[in-house]
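Student: Put chain B on the given structure of chain A with help from the hints.
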Amino acid sequence: MKRMILSAICVMALASCQTQQPLYSWYDSEDATYTYTKRATEETLAKAMAQYEKVIQKQNGLRGVVPPGVNAEYGYLLCKAGKKQEGLTLLRAEIKAYPESEKFISRIINQLEK
Amino acid sequence: MKKYIILSLMALLMSSCAEQITRLEQYPKMYEEKPLTIAVMPPINQTNFVEAKDYFYTTLYTPLCEKGYYVYSPMMTMEMFQSESAYDAEMFIDADLSQFRNVLGADAAMFTIIKTWKRDKVGGKITAGVEYVLRSTKTGETLYKREGLINVDTSVNTNSKGLFGALIDLAATAVATAATDKVVAGRLCTVYVLSDMPEGKYGAKFDQDQKMPAGKSYVTATVKQ
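Residue numbers (this note's numbering), protein chains in the order written: chain A, 1 to 114; chain B, 115 to 339.
Any given hint might turn out to be false.
Here's a subset of chain B near chain A, in silico, CB distances under 10 Å, partners left out [as the list claims (entries may be wrong)]:
#1 163
#2 186
#3 201
#4 202
#5 317
#6 324
In case anyone wonders, no lab produced these hints; they're calculated from the structure. Every residue, glycine too, gets a C-beta built ideally from N, C-alpha and C.
The shape of chain A in the complex, shown without the other chains (with noise of 0.2 Å):
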């Protein structure tokens, strides 16, 4: 019995001491983000964009998915960087994967047909 109520003390103790996983794997997007918007140049362009990439294409956090905003951002980016119809394929992706951008998002979409 004491075994038991010591083994409960224990599990409730450590419970309290747990860790959380992120829910994404953001790699250096945000210093690379954070350069670019700092001092915009091909090569911190090439650099963000990069990090885009394996954000989007590596995501080992909890829950699997693109984190909110960086299919917008990416595909901004491309667009402003001339690769509109790339750069409005992840707007759109953005939207898919989360309809509560849509506000925002299609009216980016909206300027950047224009």
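Tutor: Frame of chain A; chain B shown alone:
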């Protein structure tokens, strides 16, 4: 001996539960409105360090996504805010927010007020004092509010343990390639202060964290990077 072990374990357990208010009690409107989409507003900078606003703005995005919310890309919204003359969040913190609902589809807007931003070059420490206010775009009410004064030790790597350790570690892993340690410091501050924020739709504990403990409305801590 066994008795002492049981007693000390019970004391440990009880101390972690003592006088703690639940998230439902602390943030009832979060559970009433259940916001999904969040627009991150440009930070309000009350310090003399002009660049703090820029450093801090992009650090809010991933911690909020990791809490289970849909967060609009700050890079994309920033361009819109600048073109619509909405880059100064001071104009909106007490104002009607319905335009953010109408234009973006945002359920809530996250305001941040940077109150302290100091760098101790000798000690390798950055002190960030920031207040976080999440307001509903539907009712205008404050859904979540918490302030933190966080000392970030930039001289060593983190060994954070516990419930929020993984998220703090996640933010700190960026240090090796960080554009600047100021960005990492801002991110760690956000992760730490928002650790008691109820989870959004995509979070593993969405609508199941009502009984989890909420932190104090003003928190001070030292986080190692």
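Student: The structure should be examined with respect to each hint, and the outcome stated for every one.
Tutor: Each hint tested on the structure:
Residue-level restraint check for residue 163 of chain B is violated (minimum Cβ-Cβ distance to chain A is 16 Å; threshold 10 Å). A hinted interface residue such as residue 186 of chain B counts as satisfied when its beta carbon comes closer than 10 Å to some beta carbon of chain A; here the least separation is about 6 Å, so the hint holds. Of the supplied interface hints, the one on residue 201 of chain B is violated, with its beta-carbon coming no nearer than about 14 Å to a beta-carbon of chain A, more than 10 Å. Taken as an interface hint, residue 202 of chain B does not check out: its beta carbon lies about 18 Å from the nearest beta carbon of chain A, beyond 10 Å.
With a cut of 10 Å, the hint placing residue 317 of chain B at the interface with chain A holds, because the nearest CB-to-CB distance is about 7 Å. A hinted interface residue such as residue 324 of chain B counts as satisfied when its beta carbon comes closer than 10 Å to some beta carbon of chain A; here the least separation is about 17 Å, so the hint is violated.
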